[in-house]
Structures are given as structure tokens and as C-alpha cells.
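Read top to bottom, the protein sequences are chains A and B. Residues 23 to 268 in the working numbering are what the first sequence lists, from first letter to last. Residues 3 to 847 in the working numbering are what the second sequence lists, from first letter to last.
Everything labelled a hint here was simulated from the structure, so no lab data went into it. Among the hints, erroneous ones may be present.
With a straight-line Cα cutoff of 25 Å, these simulated SDA-like cross-link-like pairs (lysine to any residue) come out [unchecked claim]:
id, chain 1, residue 1, chain 2, residue 2
1, B, Lys518, B, Gly594
2, B, Lys674, B, Ser580
3, A, Lys114, B, Val838
4, B, Lys693, B, Pro547
5, A, Lys144, B, Glu750
6, B, Lys212, B, Gly175
7, A, Lys43, B, Leu841
8, A, Lys144, B, Ala472
9, A, Lys105, B, Asn842
10, A, Lys105, B, Glu750
11, A, Lys144, A, Arg162
Which residues of chain A face chain B? A partial, calculated answer using Cβ under 7 Å [to be verified]:
id, residue
12, Asp85
13, Arg112
14, Phe117
15, Thr127
16, Leu136
17, Pro137
18, Leu139
19, Leu140
Don't be surprised by glycine CBs; every beta carbon is placed ideally from N, CA and C.
So the chains spell out like this:
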Amino acid sequence: MTSPTLTAAASTSGATKIYGKDDSVVYALRDVSVEFYSGQFTAIMGPSGSGKSTLMHCIAGLDELTSGSAIIDGNDLSQMKDKELTELRREKIGFIFQSFNLVPTLTADENIRLPLLLGNNKGNEEWIQKVISTVHLNDRLTHRPSELSGGQQQRVAVARALASEPRIILADEPTGNLDSTTGAEILTFMRKAVDELGQTIVMVTHDPVAAAYADRIIFLADGHVVDEMTDPTAERVLDRMKSLGS
Amino acid sequence: MFRIALKGILGRKARLVLTSLAVILGTAFLSGTSVFSATLNKTFDDLFADVFKNVDSYVRSSQVIEADFGQEERQRIPVELVDLVAKVDGVTSVTPDLQAFARIVGSDGKPLGSDGQGPPTFGGIFMESDVSLWTIAEGKAPVGPNQAAVDQASAKAGKLKVGDTVKIIGQAGSREFDLVGIASYGDVRSPGGATFALFDQPTASEFLAKPGFIDAILIAGDDSVSDTELSRRINEVLPTDSKTETLTGAEITKETQDQIGSALAFFGILLSVFSFIALGVGCFVIYNVFSISAAQRQRENALLRAIGASKRQITSAMLVEAVVVGIVGSAVGMIAGIGLSQGLSAMLRALSIDLPSGGLTVPSSAITQTLIVGTIVTLASALLPARRAGKVPPLAAMRDTAIETAGPSRKRSIFGLAFITAGIGFVSAVTAGADTSLLGFGILGVFIGVIILGPVIARPVALFLGRPAARFRGVTGIMARQNSARNPKRTARTSSPVFIGVSLVVAVTALASSIKGQIDSVFSEQFKGDFAVSIDSFGFGGLSPSLATDIAKMPEVAGAAGLGLITAKLDGKGQYISAVDPTAIAGIFDVGLVGTTYADLTDSSIFVKDTRAEKKDWTKGSTVNLTFANGTSQTFTVAGVFDGENISDYIINKSVFEGTNIVNFDTSIFIKKAENVSEDDARAVLDKTVKDYGQGELLNKREYIDSRSGNVNQLLGLIYGLLFLSVIIAIVGIIITLLLSVFERQRELGLLRAVGMTRQQVRTTVRWESIITSLLGAVMGIVLGIGLGWVIVFALRDQGLTTFSLPVSSTIFIMVMSFVVGVMAAIYPAWRATRVDILNALATN
Ligand SMILES: Nc1ncnc2c1ncn2[C@@H]1O[C@H](COP(=O)(O)OP(=O)(O)OP(=O)(O)O)[C@@H](O)[C@H]1O
Ligand SMILES: [Mg+2]
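Construct the complete structure from the given sequences, taking the supplied hints into account.
Have a look at this one:
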């Protein structure tokens with residue numbers, strides 16, 4: 023259901039990433055050209071080592087492409103210096119990692135506002151309150167990460183990713199460490215963030231059930247984009263994965 | 003297991019370097035000071051062996067009065083003895099020797115050398131002979147009352163050349179001489195940076211000492227008999243009533259070396275005290291590094307435990323690491339210490355305490371001491387962390403955090419408080435009248451208590467100190483504040499060296515400012531005049547008593563009184579005795595006579611300091627027997643007591659010396675100007691008089707009082723210099739801890755960078771954490787240092803220290819400095835923190 027009104031929040035063209043030198047080179051990404059559309063929830067799937075994390079890192083400006091380009095909100099990352107990249111991450115990108123998402127010395131509230139605080143930016147208070155209530159964290163705001171459960175910690179991470187109203191949220195296996203119930207909870211929040219708050223999310227996952235929350239799935243194998251699926255269901259994803267032989 | 007231990011060491015090179023660094027610094031100071039002391043001793047030994055190289059016999063007066071600090075005052079001998087000695091069979095050459103105060107005035111009119119500081123300025127006899135070390139390098143030897151020679155270094159410094167007229171200040175005043183020669187000493191231009199003016203014997207005796215008298219006779223024999231036999235023969239020809247003694251060359255060499263040796267021994271002890279303080283401070287750093295590395299390896303160790311390693315194996319693996327680090331670190335520290343000893347010489351030179359430059363002496367005892375002490379200290383510091391590492395439950399391998407999280411225990415609070423309470427108990431017992439020696443226990447108790455309690459107070463205090471950072475530096479400040487409080491044990495251990503260093507600095511400063519305050523208030527009270535002439539001539543005489551009487555006669559002056567100082571034997575012990583003219587001094591200088599007046603001081607009476615009189619159980623009318631330097635004795639009746647400080651314990655009338663050959667000089671002259679003369683006018687004429695006289699310096703009341711505290715400042719400078727090394731170790735301790743924390747927080751830093759923290763902000767966070775840690779140590783140090791200073795001042799109350807002054811400006815300065823230290827210590831760790839590879843940091847699960 024790719025309609026012509028869709029615009030890309032982030033895209034790559036001919037993205038290639040090579041690790042190592044000489045005999046031991048590893049092609050983590052080979053000529054990947056993808057677009058992640060605004061207001062969509064995109065999942066990236068693929069076998070271990072297929073380059074999913076590498077793709078995320080290169081879109082986020084955490085890593086440099088060997089060739090090709092990554093563009094976020096019209097900015098070509100390869101042209102930017104460290105300071106500009108840092109500011110870009112702070113203002114235009116939200117992150118959710120698999121674990122260790124939070125700064126242990128800060129409270130949940132401070133963690134949520136961290137990118138804003140770092141930018142000396144008050145942010146949109148109305149929006150932040152909306153995010154906090156969407157992820158049901160109102161009564162946990164003064165707690166430090168060590169006092170929160172794994173699921174609560176991930177919810178704080180989701181809230182943080184949303185707090186600065188970024189152009190795109192990148193999540194690398196955000197539910198990988200959670201049990202299925204808690205995982206489902208987090209995925210529901212992410213879905214809500216797209217549907218109700220109009221956010222753009224790209225998520226890496228191994229779980230067909232998690233991927234089924236997305237609007238569109240991109241399949242990677244061996245550093246290539248090998249397939250794509252829109253409006254997935256868990257069964258269709260599972261079938262596709264089997265046919266891709268992973 | 004040992005293989006694992008060694009692998010562990012080599013596997014983490016950065017950690018090894020950091021741990022070793024702490025050991026290196028601690029031991030470097032230890033080795034540096036022992037090498038320095040040994041080199042110094044050797045240099046002086048060589049110097050004197052050289053001086054008396056050709057001397058076979060040595061004749062001097064047997065009349066000597068020994069005073070405090072190894073000072074001695076020996077009588078001079080008549081020059082006629084030289085001829086007697088020359089006739090002795092086996093004697094080939096005799097040389098009269100004299101060494102006294104003299105100051106050469108350069109061609110620009112400025113006297114060479116400095117007043118009271120730096121190398122001494124001497125005058126002596128020049129005579130070409132086998133035993134003299136002086137040789138004429140240029141020109142000829144001085145002959146007669148108008149000729150002089152100077153050493154090469156002085157000639158250069160004063161821009162003097164042969165044929166010039168040179169002004170020299172001696173005991174007899176200042177005089178102009180024809181400069182006929184420039185002399186060199188052995189193969190150096192001047193011995194140890196001292197200046198030397200040389201004359202023929204009659205001129206030297208008359209101008210520098212007393213006509214016809216010399217210090218000693220240096221004798222060379224023809225080697226037909228042993229030195230002992232030669233000395234015996236010489237001694238035989240000397241009349242018994244000349245009160246002389248004859249030493250062999252070996253004896254006088256040994257005696258001089260021993261004298262210098264004991265003077266240096268004090269310095270050596272001072273140095274080793276401070277090197278042990280530095281080592282103690284280093285222990286904290288070593289202990290801290292091992293604790294942190296044990297914590298960081300918790301998971302690794304837990305894994306080893308889980309797969310079957312015993313507690314003991316874990317502990318001993320860590321101890322093996324400690325031994326290796328200890329040996330390697332001490333070895334490097336030993337070498338670094340040699341460099342440090344050179345630095346110490348340079349530092350003293352900067353304080354213009356010039357040392358003869360000799361070779362480097364590295365005694366084997368210094369090497370073994372450094373290696374053994376260094377290794378033991380490292381091992382001891384690692385003991386506790388190693389034991390704790392062994393106690394790690396295998397389950398910790400499954401846990402997520404590898405950070406020390408244990409909060410301070412109750413037991414710790416109780417122990418700490420118990421020590422502090424006991425310490426305060428001792429101190430208050432002393433204030434209530436118990437023996438002063440208990441103060442030491444009191445101080446130790448409080449220090450140990452505070453160190454034990456450190457982790458308990460570190461968190462609240464760090465949070466409090468970090469408040470401004472959190473408020474004004476935004477989220478980076480908040481994180482810095484939380485970081486410094488997140489691991490209270492570590493923060494406390496890191497700030498402990500700062501705390502110890504600062505408390506010592508503050509205590510010493512408080513003591514010094516109390517002493518200065520005391521000197522100030524006492525002199526302000528005692529000194530009723532307007533001006534003073536002051537002199538510092540290294541115990542070689544002083545101002546001629548005639549100067550005071552001359553000044554008193556001036557029309558611009560209402561009165562002037564000289565304060566003389568001699569040494570005399572009392573009950574077999576040398577004592578300083580002040581001598582005054584009672585009529586002149588009344589109304590100008592008040593020593594605080596109690597129930598008596600200056601008028602009571604006759605030529606057979608004596609005033610005694612009240613505390614001394616009490617100790618000796620003397621009252622008015624008791625008798626005191628004094629033996630003067632010329633060997634004569636006199637009995638004095640105690641005429642009264644005085645309570646004034648900063649003057650010797652006894653005062654006699656100057657008239658005692660009239661008609662005797664007792665040498666006496668004034669150390670200060672106090673002057674009251676005539677009422678109708680302005681301060682400026684009086685100063686102008688007095689200044690001219692003193693300048694013409696050539697010796698001493700005219701000061702107004704304020705300047706005089708300040709000059710009295712000058713010595714305190716000099717000592718303070720030395721102690722600061724020595725404590726500075728402890729402070730450096732403390733700073734390095736902060737650097738090491740921050741670095742280890744940065745390594746430990748890789749992931750957190752990676753996360754922060756990923757979500758948009760700039761490098762600048764990373765730096766700010768680390769910097770503020772460092773500042774908070776440093777301030778924490780400084781605040782605790784200042785509080786304890788002031789307490790310690792007060793206790794020391796209290797302990798010295800018998801020595802006349804009655805007021806405690808708080809060093810306010812120094813305290814503020816130390817706070818500012820600890821801030822700066824925090825900033826500087828953070829430079830490298832902060833830089834490292836900005837270099838954290840975000841992807842790597844995030845990948846380490
Ligand atoms: N720093 C690196 N140096 C060398 N090779 C690397 C590096 N990072 C990743 N690779 C390689 O690049 C390839 C892609 O890695 P990437 O982490 O993107 O895989 P992934 O799809 O995220 O796998 P997983 O599902 O296991 O997380 C892998 O073969 C990996 O070994
Ligand atoms: Mg991955």
C-alpha cells in the first residue's frame with residue numbers, strides 16, 4: 023500500500039560497509055538502497071550477521087559507510103562533522119537499544135528528557151506529558167533505573183526516544199531482553215506512537231510476532247536487501263523467513 | 003592459577019600502568035630523599051677531606067661554649083703561638099687560619115650575597131702555603147693593611163678587577179682596600195657559593211676579629227713522624243695557660259665532617275618524614291586502584307569461581323599481581339627517585355641554599371630500602387581488595403553490574419565515630435591538663451576515624467558540594483554530581499590523599515601564622531621606638547656596641563639601645579644571654595619586667611625569664627654562675643624576672659664586659675627619634691649613618707617586625723615544597739581513579755554520546771566530577787587541618803605560643819587551588835572519555 027504521498031524520513035542509496043582489510047574483509051552491507059517513510063513503523067529482519075545493526079548505526083551517524091550515502095531529513099551524514107552528527111542524533115533521532123538504555127545516575131524523568139537537557143532545550147512540555155502518560159510512567163518518574171523492572175526501563179527508553187519529537191526513532195531489538203507479555207506491551211506503545219503521535223520508527227527484530235506490529239518489513243541477508251513485505255502478519259513473516267532459508 | 007594471574011596482568015596493560023604509577027610515585031620520593039641525603043653527605047665529606055688534605059696537625063683553643071642547634075662559640079688564640087709551633091722539629095709549614103664575617107661590596111655599590119639568606123659571606127687570611135687551598139689566580143697576594151684579595155666568583159659577580167678599589171664590610175666597620183689579587187679555591191671559583199675576602203694575617207685579625215688573634219693554626223709536617231707524634235710534639239711546646247688543643251689532620255677532618263653530618267642529619271630526618279607521608283598518601287592511591295580493579299574484575303572472578311576456582315586462588319592471583327606491580331613499580335620508582343633528588347637540589351638552589359656540586363651517590367641501602375618498602379607497601383595495600391575479590395559469590399557472574407555498589411555499613415560508622423570520639427577524648431584530656439604527649443594519639447585517632455568514616459560522609463558531602471555544578475551546568479552537572487556520589491567508597495578513597503595533604507598544609511600554615519601573629523604582637527608591644535638596625539651575620543659577630551652609642555648621641559635621636567647576644571655556660575650547658583645597657587633601653591624596649599625595673603640591673607645582677615626561673619626554682623636573690631667564652635666565671639644575683647617573649651632567657655648588664663676580652667656584639671639596635679624630628683628626616687640621617695658604618699640595615703618599626711617573621715616564611719616555604727610532593731601524588735590519584743572510572747563507564751558514555759551528548763559535554767561531566775572529588779578532600783582537610791593546627795599551637799603554649807590565628811587567606815587559596823587541581827586532574831581522563839568508541843561501548847554486553 024505504498025501510496026505516492028509517502029515521504030522518506032531517512033534513506034540510504036548504494037550503502038556499502040566493509041569491515042577489515044585485505045584477506046579478512048567482511049561485507050556488512052552491500053549496495054543497500056532503502057527508504058524509511060515518515061509516519062510508518064518499519065521492521066528490519068534477517069539472519070544473524072546479515073547487517074541489520076550495521077544499517078541502523080550507519081543511518082544514525084554512529085558509523086561511517088564505506089561508500090554510498092545515508093540521508094536523514096535531507097541531511098547527508100557523510101558530509102557532517104562529529105559535532106553536527108551529535109546534534110543531529112540529539113534532535114532528529116531517537117534511540118532504543120536492546121539493553122542498558124538508561125543512565126544509572128539519572129532519574130526516569132531525567133533520562134526521558136536527557137536529549138533535551140543535553141541540548142539545553144526545554145522541549146514541548148505538553149508533548150512530553152503526553153508521551154509519559156502514553157507509556158504509563160507517571161508514578162515512576164523519580165525512580166532511578168536500578169529501581170525499575172526491565173519492562174519499565176524499556177518504557178522509559180521508548181519515552182526518551184519520543185521526548186524530543188525526533189524525525190525518526192531507531193530501535194535495535196528493543197524487546198530482545200523481555201518476556202513476551204512485556205515485549206508486547208512495549209510494541210503496543212511503539213505502535214501507538216506511530217498511529218496516535220505520528221512518529222516514524224525503524225525497528226530491528228528477530229521475532230515474527232514483533233515484526234507483525236510493523237507497517238512494512240525489510241528483509242536483509244548477507245548485507246543485501248532481499249525482500250520486502252507490507253502489512254505483515256506473524257504467519258506470513260514466518261513463511262517468508264522459511265522461504266528465505268534462515 | 004599463577005598463569006592466570008600473569009595473563010591478567012599482561013592482558014590489561016592500562017591497568018598495570020596505572021597501578022604501577024601509584025607505586026612509582028610513592029617510592030620515587032623515598033628513594034629520591036635517601037639518594038639526596040647520601041649525595042649531600044658525601045659531597046660535604048669530600049669537601050672537608052679536601053680542605054684538610056695536607057693538614058697534619060691542627061691547633062685551636064680548648065675554650066668552647068656549645069649552644070643549641072650544634073652552634074658553638076670557640077675562643078680565638080693569640081697569633082704568637084704560630085712562631086712557637088713553627089720551631090717544632092718535623093714541622094715544615096704553619097698557616098694561621100681565620101674565618102669570620104665579611105661582606106664584599108660590588109663595583110655598583112651593592113654588597114654581594116644576601117642578608118641572612120643564601121650562602122654565607124666570609125673573610126679570612128690569605129697565605130701561600132702547603133696547607134692553604136687558596137691560590138692566587140690573578141694578581142698577587144695581599145700584604146699590609148690596605149690590600150685585599152677576593153674569590154673569583156665574587157670578582158665576577160661584583161665586576162671587580164685587580165687594581166680596583168674595593169669596599170669590604172668587616173667586624174671593624176667598612177673600609178676600602180686595593181684589590182691586588184683574585185683567588186681560586188682548589189679548582190673551583192668559590193666554595194659552595196660563599197663569598198670570600200682575603201687579607202694578610204694582621205689585617206684579617208684586626209679587621210675581622212680582634213688584633214693579634216686567629217681561629218686556628220694549620221700545620222704540615224715533613225712526614226718524618228706520624229701525625230699523632232707531630233701533634234704531641236706541638237702540644238708540648240704550647241704553654242698550658244694558652245688553653246689550646248692540638249688535633250691531628252684526621253681528627254679535625256672527622257670532627258668537621260661529623261659536625262656537618264649531624265646538621266645534615268636533621269635535614270635528612272625532615273626529608274624522610276615527608277617521604278613517608280608521601281608514601282602513606284601513595285598507599286591510598288595503590289589501595290584505591292586495587293579496589294577498583296577488583297570491582298571491575300568482579301564478573302571475571304565470579305566466572306572463575308563458578309567454574310571451580312577456590313577463594314584462595316582468586317585472592318592469591320591478585321596478590322601475585324600486587325607483588326609484580328610492587329617490584330616493577332619500586333624499581334622504576336628507584337630510578338625516578340634519582341632524578342627527583344637532582345630536582346630537589348635544584349629546588350634548594352632556587353631557595354638560594356646553594357650546595358657544592360658533587361657526584362651522585364646512590365647507596366645500596368637506598369636501593370634495597372626502596373625495593374623492599376615499595377613491594378611490602380603494595381602488597382599490604384592490595385591485601386584487603388584481594389581478600390574481597392576472593393569473597394565474590396559465583397552468582398555475581400550472572401549479575402549485570404560490575405560496579406561496586408555496596409553502601410557504607412553501620413559497622414563502619416560505629417568504628418569511625420569510636421576513633422574520632424577517642425581522639426577528641428585524648429585532646430580534651432590534654433586541654434584539661436593531661437600530658438601533652440597524648441595529643442599525638444588524639445590526632446591519630448581523629449585522622450583514622452575520619453578516614454574510616456570517609457565513605458559514610460563522602461556521599462552527602464559530595465552531593466552538597468556538587469549542588470552548584472548541578473544547578474548551573476545543567477544535565478552534565480547533575481551527572482557529575484551523581485557520579486561523584488554513586489560510589490562513595492571510591493570517592494572517599496580518592497579524596498583521602500587530598501584530604502591528608504591539605505590538612506597538613508593547613509595545619510602548618512595555621513602554626514606559621516600563629517607564630518607570626520605572636521611575633522608581631524609581642525614585638526609591637528615590646529618595641530616602643532621608631533626604628534631599628536638589624537643584622538644577620540650567621541653567628542659571626544654582629545654590630546659593634548659603639549654604633550648604638552654613636553646613634554644615641556645624634557641630635558635627631560631621643561635614645562638608642564643595642565641588644566647584645568653572647569653565649570655563656572650555665573650549669574655546664576651553653577646558653578644565649580642577652581646584654582643591655584639598662585639606662586639606654588628603658589623606655590625603648592620593654593621586656594616585660596615583673597616587679598622590678600631596669601635600674602635594678604647592676605653589673606652583678608641578672609634578669610631571668612619567668613618560666614625559666616620557675617623551672618629552676620629561682621627567686622629574687624638566688625645566685626647564677628656564668629662562664630664566658632674567654633674562660634672566666636662570674637656569679638650573678640637574680641634581680642628579677644621578665645615575661646617577654648622572643649628574647650633569650652637571661653639578661654645581664656653590658657657593663658659586665660668592660661675591661662674584659664669577652665667579645666660582644668649587638669644583634670639589633672632600637673632607636674627612638676627625637677620628638678621634633680619628622681619620621682622621614684630621622685630616617686634619612688639614620689640611614690646614612692648605618693650605611694657609612696657598613697653593616698646592618700635600618701628598618702622602621704613595621705619593617706623590623708616583619709623581618710622577624712622572615713625566618714618563619716622560609717621554613718614554611720621548605721615544608722610546602724616537601725608537602726607539594728604528597729599533593730602531586732594526590733593529584734595523580736585523582737587522575738588514576740577518574741581514568742579507571744571512565745574505562746568502567748564506557749557503556750554509559752557510549753549511550754550518552756549516542757543520544758546526543760557532545761564531546762564538550764562529556765568533558766564537562768568528567769571535569770566536574772573531578773572538581774567535586776578534589777573539593778571534598780580539601781573541605782575535609784581544611785576542617786581537620788585547622789583543628790590540627792590548633793592542637794599543635796596548644797601543645798606549644800609552653801614555648802610561649804599563646805594565640806591561635808586562623809589562616810583565612812591561605813584557606814581560601816587552598817579552596818581555589820583544589821578547584822584548579824580538580825580541573826587539571828580531569829584533563830586527560832576527560833579527553834579519554836571523549837574518545838570512547840560509541841559502537842564498541844554499546845556492543846559490550
Ligand atoms: N566492528 C566490526 N568489525 C568487523 N566486522 C564487523 C564489525 N561489526 C560487525 N561486523 C560484521 O558485520 C556483519 C554484520 O554485523 P551486524 O552486527 O550488522 O549483524 P546483525 O544483523 O545485527 O546481527 P545480529 O542479528 O546477530 O545482531 C557481521 O558479519 C559482523 O561479523
Ligand atoms: Mg545486531
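Do the hints match the structure? See the list:
{"no.": "1", "hint": "B:Lys518 - B:Gly594", "in the structure": "holds (20 Å)"}
{"no.": "2", "hint": "B:Lys674 - B:Ser580", "in the structure": "holds (20 Å)"}
{"no.": "3", "hint": "A:Lys114 - B:Val838", "in the structure": "holds (22 Å)"}
{"no.": "4", "hint": "B:Lys693 - B:Pro547", "in the structure": "holds (16 Å)"}
{"no.": "5", "hint": "A:Lys144 - B:Glu750", "in the structure": "holds (23 Å)"}
{"no.": "6", "hint": "B:Lys212 - B:Gly175", "in the structure": "holds (13 Å)"}
{"no.": "7", "hint": "A:Lys43 - B:Leu841", "in the structure": "holds (19 Å)"}
{"no.": "8", "hint": "A:Lys144 - B:Ala472", "in the structure": "holds (16 Å)"}
{"no.": "9", "hint": "A:Lys105 - B:Asn842", "in the structure": "holds (19 Å)"}
{"no.": "10", "hint": "A:Lys105 - B:Glu750", "in the structure": "holds (19 Å)"}
{"no.": "11", "hint": "A:Lys144 - A:Arg162", "in the structure": "holds (21 Å)"}
{"no.": "12", "hint": "Asp85", "in the structure": "holds (6 Å)"}
{"no.": "13", "hint": "Arg112", "in the structure": "holds (2 Å)"}
{"no.": "14", "hint": "Phe117", "in the structure": "holds (6 Å)"}
{"no.": "15", "hint": "Thr127", "in the structure": "holds (3 Å)"}
{"no.": "16", "hint": "Leu136", "in the structure": "holds (6 Å)"}
{"no.": "17", "hint": "Pro137", "in the structure": "holds (5 Å)"}
{"no.": "18", "hint": "Leu139", "in the structure": "holds (4 Å)"}
{"no.": "19", "hint": "Leu140", "in the structure": "holds (5 Å)"}
Violation of the numbered hints given earlier is absent; every hint is satisfied by the structure.
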